[in-house]
Every structure is written in structure tokens, then in C-alpha cells.
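**Student:** Under my numbering, the very last position in the sequence shown is 768; numbers go up by exactly one each time.
To be clear, the hints were calculated from the coordinates, so they are not data collected in a lab.
Small disclaimer: the values here were computed from a predicted structure and weren't measured.
Beta-carbon label-pair distances, calculated as ranges:
| no. | residue 1 | residue 2 | range |
| --- | --- | --- | --- |
| 1 | 702 | 765 | 30 to 38 Å |
| 2 | 644 | 704 | 16 to 24 Å |
| 3 | 670 | 755 | 15 to 23 Å |
Capping the alpha-carbon separation at 25 Å, the derived lysine-lysine pairs in DSS-like fashion look like this:
| no. | residue 1 | residue 2 |
| --- | --- | --- |
| 4 | 686 | 731 |
| 5 | 667 | 703 |
| 6 | 730 | 681 |
| 7 | 667 | 718 |
| 8 | 663 | 718 |
Glycine residues also receive a C-beta, built at the ideal position from the N, C-alpha and C atoms.
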Amino acid sequence: LNHSEELKRTQRRHFYRLDISLPINFRVLTDEQKKMLKEERSVRFPREEKPKTGEIKSLSGGGTAFIFDTVVNKGEIIWIEIELSESWKISNIYGNVIRCKKIFEAEYRIFAEFLLIEDSQREEIIRYVSAKQREKVRI
630 LNHSEELKRT QRRHFYRLDI SLPINFRVLT DEQKKMLKEE RSVRFPREEK
680 PKTGEIKSLS GGGTAFIFDT VVNKGEIIWI EIELSESWKI SNIYGNVIRC
730 KKIFEAEYRI FAEFLLIEDS QREEIIRYVS AKQREKVRI
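Generate the whole structure from the sequences, applying the supplied hints.
**Tutor:** Here it is, written out as C-alpha cells:
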């Protein structure tokens, strides 16, 4: 059989994704903070402004999906802090919200790709994901 079209496979995921439950702290950047991020590669937040908290449902070296109680719009830039354990936090990661999916009445799944992340932070996440993956295989 000859095909009239050639099939092309596109692999979008560059990192293994781990389904896991972890705390996440995040802040949605204002337009002024987005400008600061672009110019200075970091953002200062007012002390009185506390981060929002959610629950990570999947994590990879390229991004995360987490649950939150209100909408975070596609295209928003967020500051992220991931709590891998009580004594192990990775902070000052910036992500781009690529999708927000309503799950229940006051529950949304937010999908974010890491936009600005240090190589060492990405490597820590990859090591963490790999270690958890190995634990699951052993069980």
C-alpha cells in the first residue's frame, strides 16, 4: 500500500512527567512585575503580599500542573516555589500558564511551563522526579 501523505510524529514532551502531590506557592505577576522580570530577570514582591497556595498534581523538568481554587488565565506569568519536602524548596522559578481547566465548581487545574529557571533548579527537579520514578518501579 502506498500512502498519499507521509505521517510525521511530533514529540512535544522533553522531560518525564511524574504524577505526584506536592505543595506549591505561586504569585501571578502584574504588568509592572512582568516588565521588571524582562529587564532584570527577577521580581521584587511587597512583603505584605503572600503567595497563593495550591497542590501540584504533576511535575517535570519542563513544567507543572497544579490545582487551585480560582482561574489563572492562559498567558499569565507566575512566580513559583515548589516544596519537594519540608526542608527542600525550589524557589524563584517563573512559568507561563499554558492552560487552565475547570475540574469542579471551585477547582481548576493550571498547566504551566517553566519560562525562567536556573539550570541547577531544573536539574534538581529532574533528579527528584527520577528518584520518585525509581521508587515507584521498585514497589
